[in-house]
Amino acid sequence: MKKIEKHQQRHGFFRWIALALLILTGLAASFIPPVQPDIEAASAEVAGPLFSLPVIGDFYLTNSLIGLVLVDLVIIGLALAVRKILKSGSIPGKSIGGVVIAILEVLFELTEKTAGKWTKKVFPWFATITLTVLVANWLDLIPGVESVGLLVPSATGSAIKTLIPGVLSTITRQTEGTKLYSLISFVRAPSTDLNFTIALSLIAVIGIQAMGLRYRGLSYLRRFFNVSTLFSKPGLGVMDFLVSILELISEFAKIVSFAFRLFGNVFAGMVLIALSGTLLPVFGQSGVLLFELFMGLIQALVFGLLTMVFMSQAMHSEEQEETPKDELPIPVVEG
Amino acid sequence: MTGDIVEAARLIGAGIAMIGALGGGIGIGLSIQGAMQGMARNPDAYSNLFVNMLLGVAFSEAIAIYCLVIAFVILFVV
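If you read the sequences in order, they're chains A and B. Residue numbers for the first sequence follow the working numbering, beginning at 1 and rising by one. Residue numbers for the second sequence follow the working numbering, beginning at 1 and rising by one.
The following block holds chain A by itself, in its conformation from the complex (with noise of 0.2 Å):
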């Protein structure tokens, strides 16, 4: 009874948090009016070059990776809360760590499906990538990791407003005859910056070879370079041939196809996030971040299925794939 008690109680509380913050946003929003910010597509540099190198160039700390880095905290700490959840042995709760059980669940009967009896090799890379993929969008929807940082001089920008000086100011609308100002922030979110959803694609198209190379041997690159048939029946031999060219081309599409659709459709949802910061009456935004939740999840476990499903195509040779009677799964009635 005094549970129940004390959980309304904090519901109410949280509740009139939820007023007060709303309507702090509207004071807030009027004092000062909201303003587009520059959106830039590639990510700014934080730091000088930390050190070069000779064919490459210089390396320099940029925002995005400072992303990188937090995402990987997170994903340390999500690993260490599972792993004080298994060595108490107790029942997972309702703590972060269970949570993160859970989703593992749900993705390990996935991979059960589509990879059947290499389930234990693909499906290291299938949850390390949607985990990766999963904390790196969803960095981009907290609050002040693209609108807290430096301001720089330049042409393009806004006016300043100084709130306390030398500390803390923010750009507002315009005016004649002011110095211009940009804001170049500390934290990006990783996906928005193509240089970690190509390195990310890079990663997977080669694991998927590197696994299809391991477990099928040489006859993996049969799938390239298709000669066996060349000669013993010149027409259709042929027409193989050029199949296998087509299928090397669209391992480099994979890297293409892979990269931008994880950057087209975050950073689509950075610039909406921005632009209805602007656009929309105070509290209309919530919708589009809630929208942008969704969208996260979906690409994460797209990236992540779609590589597991291109290793276990890669790691099934052809001669299983002719019986495969007793390897479809056999769907579950339940209830």
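Don't read these hints as lab results, they were simulated from the structure. Mixed in with the good hints, there may be bad ones.
List of simulated lysine to any residue pairs, SDA-like, C-alpha gap at most 20 Å [as the list claims (entries may be wrong)]:
| no. | chain 1 | residue 1 | chain 2 | residue 2 |
| --- | --- | --- | --- | --- |
| 1 | A | Lys-254 | B | Leu-55 |
| 2 | A | Lys-113 | B | Asp-44 |
| 3 | A | Lys-179 | A | Ser-154 |
| 4 | A | Lys-254 | B | Ile-70 |
| 5 | A | Lys-117 | A | Val-309 |
Fit chain B to the known structure of chain A by using the hints.
The following block gives chain B in isolation, referenced to the frame of chain A:
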């Protein structure tokens, strides 16, 4: 004057680039239609169909996303 015309052409170009999203929309609609019909006829196949539907949607969505990326490049980079 010339700068204004270039700016206007940039914005119109970004708009035209998004016409390609039409194909992605048709593709997503068709694949979801097929999956929904399959689910309605055979509810046991729901989970299998759902995963494959998501994959198909992701593939057709990628085409529309390429258009979006081109539009963003025109708007924010060039």
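Do the hints match the structure? See the list:
Pair hint A/Lys-254 plus B/Leu-55 holds up; C-alpha atoms about 13 Å apart against a cutoff of 20 Å. This hinted pair checks out: A/Lys-113 and B/Asp-44 have alpha carbons roughly 14 Å apart, not beyond 20 Å. Annotation: proposed proximity of A/Lys-179 to A/Ser-154 holds, straight-line Cα distance about 9 Å (limit 20 Å). Between the alpha carbons of A/Lys-254 and B/Ile-70 the distance comes to roughly 18 Å, so the proposed pair stays at or under 20 Å and holds.
Taking the CA atoms of A/Lys-117 and A/Val-309, the gap is near 13 Å; set against the 20 Å cutoff, the hint holds.
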